[in-house]
Amino acid sequence: MRAAIIGAGLGGLLAANVLAKKGYKIDVFEKLPFAGGRFTNLNYKGFELTTGALHMIPHGKRGPLGQLLKKLDVKVEIVDSKPEGEVLYKDDRKELTKKVAPLRTLMKFYAKSLAYRLFKKDFYLEKFQKSIDEFSSKFLDAFLGWSLSITPNEILFSKFLKIYQQTMKFRGPGIPVGGCKAVIDALIENLKSYDGNVYLRKKVEKIAVKNSKAKGVFVKNQKKSYDLIISNLGHVETQKLIGRDYLNADLKESRGIKYSIALKQPYLDHTGVLFTINTSRISGMNEVTNADPNLAPNGRHLLMAHQPMLTTNVKYEIYLGLKDLKRILKSYDYEILAIQSYFDGWPVNRVKAGMDVGIETPYKNLFVVGDGAKGDDIEVDGIALNIFRLGDEV
Amino acid sequence: MIIVTKNCVGCALCKLVCKEFAIEVFGKAKIDYEKCVKCKKCIIYCPLEAIRVVE
Chain A
20 MRAAIIGAGL
30 GGLLAANVLA
40 KKGYKIDVFE
50 KLPFAGGRFT
60 NLNYKGFELT
70 TGALHMIPHG
80 KRGPLGQLLK
90 KLDVKVEIVD
100 SKPEGEVLYK
110 DDRKELTKKV
120 APLRTLMKFY
130 AKSLAYRLFK
140 KDFYLEKFQK
150 SIDEFSSKFL
160 DAFLGWSLSI
170 TPNEILFSKF
180 LKIYQQTMKF
190 RGPGIPVGGC
200 KAVIDALIEN
210 LKSYDGNVYL
220 RKKVEKIAVK
230 NSKAKGVFVK
240 NQKKSYDLII
250 SNLGHVETQK
260 LIGRDYLNAD
270 LKESRGIKYS
280 IALKQPYLDH
290 TGVLFTINTS
300 RISGMNEVTN
310 ADPNLAPNGR
320 HLLMAHQPML
330 TTNVKYEIYL
340 GLKDLKRILK
350 SYDYEILAIQ
360 SYFDGWPVNR
370 VKAGMDVGIE
380 TPYKNLFVVG
390 DGAKGDDIEV
400 DGIALNIFRL
410 GDEV
Chain B
4 MIIVTKNCVG
14 CALCKLVCKE
24 FAIEVFGKAK
34 IDYEKCVKCK
44 KCIIYCPLEA
54 IRVVE
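Those protein sequences? They're chains A and B, same order as listed. Residue numbering for the first sequence follows the numbering used here, starting at 20 and increasing by one per position. Residue numbering for the second sequence follows the numbering used here, starting at 4 and increasing by one per position.
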């Protein structure tokens, strides 16, 4: 049995490894000259900067991605964060525990959760946000901005509840040693042990379908036949390759801006996330060199900050983000190495968290994976969750 | 001449791979033609095919 994977991003390579383990002969096609998509590193002035994601796995080695890598016997060292998180509020940094939110807010959340479970009446998280204290409301903005690049008016309470449950179950983040690229390199090495192939600069131009089956892919005008096809491009782009719209939903991408910052002295001095809740745009930051010093030149630190994009004016968003950073890092000697904005065809997520429509298509041997078809979890852990589902389906 | 089209979102992959440090990105890529050696690496790495050669 032969399987074609369209796109060598994290979702594509995870799917490739799962299917190779099941006995499929795998060909991965990638249009770019590198594998990893938005989850890998490029070296810039000695710093390992990412093509998209932060050097971070939301639930560390305990979460869906950590578990999947372990199941696949893919060797990646993940440093679990300690502390899991901190909150920066009015120039004061506090460790993130349940005690940082007032008891009254926590009780309200549990009451709403119980009411949802009993009556299944759903609503946007913004409605709950309006009913709580200012600190917790701002923390909610920061958590969603950092982890999902969305705001509370973009996610249903039920979806947030699932993500909250995953977070409580698997806890906080971890940083892969070697950064995102270490995960990608290990997946490729593992795939090669099954005689799988990764072809770079090979763009899939079309998916050939007949009746209810996908028959193969066209690469450089040549048709290649496969028993199974996995697209890592999201449903919208996959439809274009088929030449037929099958979606009934209008799927929107999540947008954000990432800042890679060089420091001579550490700012955070730990491996966890700092949620910044007294800011205009920046929602969080992590200092990845505290987990792996090799992500920066000797004696330097790499701090990564992220903000969701709240308007369509990118330059204005960056202006506000830089203003936040100037205030937060006022007593530090820092250099902005790169400002990277993500939207349209190179977004934070091809589909906003909570809006995903699953991995199935109308074609029984064509599935969609990746950040355009996530499960209910944060970023790459959401991707891994639906790769488990793919493994069950195939 | 190498130009940046309106498809650019400012992901900065071109900046990261440019060995001449000829590209700055602030919402959109901007090429410094004094430094550019026309190696075309930015074109190859651009995920949105937003950088092109024009005559």
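Be careful, since some hints might not be right.
[As the list claims (entries may be wrong)] A few chain B residues facing chain A, derived, Cβ under 7 angstroms:
# : residue
1 : G13
2 : L19
3 : A25
4 : G30
5 : I34
6 : C39
7 : I47
8 : P50
9 : L51
[What the hints assert, rightly or not] Label pairs and their calculated CB-CB ranges:
#  : chain 1 : residue 1 : chain 2 : residue 2 : range
10 : B       : E37       : A       : Y338      : 55 to 63 angstroms
11 : B       : K33       : A       : K117      : 25 to 33 angstroms
12 : B       : I46       : A       : K211      : 24 to 32 angstroms
13 : A       : S150      : B       : V40       : 35 to 43 angstroms
14 : B       : K9        : A       : K139      : 18 to 26 angstroms
15 : B       : K22       : A       : R123      : 50 to 58 angstroms
16 : A       : K239      : B       : E58       : 45 to 53 angstroms
17 : B       : K33       : A       : K342      : 47 to 55 angstroms
18 : A       : G65       : B       : C42       : 15 to 23 angstroms
19 : B       : I46       : A       : L122      : 54 to 62 angstroms
20 : B       : V40       : A       : K229      : 27 to 35 angstroms
21 : B       : V40       : A       : V119      : 39 to 47 angstroms
22 : B       : K22       : A       : K239      : 26 to 34 angstroms
23 : A       : E412      : B       : I46       : 53 to 61 angstroms
[Stated by the list, open to error] Using 30 angstroms as the maximum straight-line C-alpha spacing, the simulated DSBU-like pairs for lysine-lysine come out as follows:
#  : chain 1 : residue 1 : chain 2 : residue 2
24 : B       : K31       : A       : K349
25 : B       : K38       : A       : K101
26 : A       : K234      : A       : K40
27 : B       : K41       : A       : K342
28 : A       : K229      : A       : K181
29 : A       : K259      : B       : K22
30 : A       : K40       : A       : K334
31 : A       : K101      : B       : K41
32 : A       : K41       : B       : K41
33 : A       : K188      : B       : K31
34 : B       : K33       : A       : K157
These aren't lab readings, by the way, just hints derived from the structure by calculation. These figures come from a predicted structure and were not determined experimentally. The C-beta atom is built at its ideal place from N, Cα and C for all residues, glycine as well.
To see whether the hints hold, each was checked on the structure:
Nearest Cβ of chain A to the Cβ of B:G13: about 4 angstroms, under the 7 angstroms cut. The hint holds. At its closest, the beta carbon of B:L19 sits 4 angstroms from a beta carbon of chain A; the interface hint therefore holds under the 7 angstroms criterion. Contact between B:A25 and chain A, as hinted, is not supported at the beta carbon level, the nearest pair being about 13 angstroms apart and thus beyond 7 angstroms. Checking B:G30 against chain A by beta carbon gives a least distance of about 4 angstroms; that is within 7 angstroms, so the hint holds.
Here the hint on B:I34 is broken, as its CB sits about 16 angstroms from the closest CB of chain A, past 7 angstroms. Taking 7 angstroms as the C-beta contact cut-off toward chain A, the hint placing B:C39 at the interface is violated, the least distance being around 17 angstroms. For B:I47, the shortest C-beta to C-beta distance to chain A is roughly 5 angstroms, which falls under 7 angstroms, so the interface hint holds. The criterion of a C-beta within 7 angstroms of any C-beta in chain A is met by B:P50, whose closest approach is roughly 5 angstroms, and the hint holds.
Proximity of B:L51 to chain A holds as hinted, the smallest CB-CB distance being about 5 angstroms (cut-off 7 angstroms). Checked against the given bound of 55 to 63 angstroms, the beta carbons of B:E37 and A:Y338, roughly 26 angstroms apart, lie outside it. Against the hinted window of 25 to 33 angstroms, the Cβ-Cβ separation of B:K33 and A:K117 comes to about 46 angstroms, which falls outside the hint. In this structure the supplied range 24 to 32 angstroms holds for B:I46 paired with A:K211, their Cβ-Cβ distance being about 29 angstroms.
The given range of 35 to 43 angstroms is broken by A:S150 and B:V40, whose C-beta atoms sit roughly 59 angstroms from each other. Separated by about 45 angstroms at the C-beta atoms, B:K9 and A:K139 break the suggested range of 18 to 26 angstroms. Judged by the Cβ atoms, the range 50 to 58 angstroms given for B:K22 and A:R123 holds: they are separated by roughly 57 angstroms. For A:K239 and B:E58, the Cβ-Cβ distance of about 25 angstroms falls outside the hinted range of 45 to 53 angstroms, so the restraint is violated.
Evaluation of the 47 to 55 angstroms hint for B:K33 and A:K342 yields a failure: the beta carbon distance comes to about 21 angstroms. Between A:G65 and B:C42 the C-beta distance comes to about 20 angstroms, which sits within the given range of 15 to 23 angstroms. For the hinted restraint 54 to 62 angstroms between B:I46 and A:L122, the CB-CB distance of approximately 57 angstroms keeps it satisfied. Between B:V40 and A:K229, the C-beta spacing of about 48 angstroms breaks the proposed range 27 to 35 angstroms.
For the pair B:V40 and A:V119, the beta carbons lie near 52 angstroms from each other, so the given range of 39 to 47 angstroms is not met. In this structure, B:K22 and A:K239 meet the distance hint of 26 to 34 angstroms, their C-beta atoms being roughly 29 angstroms apart. In this structure the supplied range 53 to 61 angstroms is violated for A:E412 paired with B:I46, their Cβ-Cβ distance being about 38 angstroms. For the suggested pair B:K31 and A:K349, the alpha carbons sit about 27 angstroms apart, so the restraint of at most 30 angstroms is met.
A hinted pair counts as satisfied when its Cα atoms are at most 30 angstroms apart, and B:K38 with A:K101 does not qualify at roughly 43 angstroms. A C-alpha spacing of about 22 angstroms is found between A:K234 and A:K40, which places the hinted pair at or below 30 angstroms, so the restraint holds. The hinted pair formed by B:K41 and A:K342 fails the criterion: a straight-line CA distance of about 35 angstroms is larger than 30 angstroms. Only pairs whose Cα atoms come within 30 angstroms are accepted, and A:K229 paired with A:K181 is rejected, the gap being roughly 37 angstroms.
For a cut-off of 30 angstroms, the pair hint linking A:K259 to B:K22 is broken: about 35 angstroms separates their Cα positions. Taking the CA atoms of A:K40 and A:K334, the gap is about 46 angstroms. The hint is violated against a cut of 30 angstroms. For the hint linking A:K101 to B:K41, the alpha-carbon distance of about 46 angstroms lies beyond 30 angstroms, and the restraint is violated. The hinted pair formed by A:K41 and B:K41 fails the criterion: a straight-line CA distance of about 46 angstroms is larger than 30 angstroms.
Between A:K188 and B:K31, the direct Cα distance comes to roughly 40 angstroms. Violation of the 30 angstroms bound is thereby established for this hinted pair. At most 30 angstroms may separate the alpha-carbon atoms for a hinted pair to count; B:K33 and A:K157 exceed this at roughly 35 angstroms.
When held up to the earlier numbered hints, the structure conflicts with 3, 5, 6, 10, 11, 13, 14, 16, 17, 20, 21, 23, 25, 27, 28, 29, 30, 31, 32, 33 and 34 and fits the remainder.
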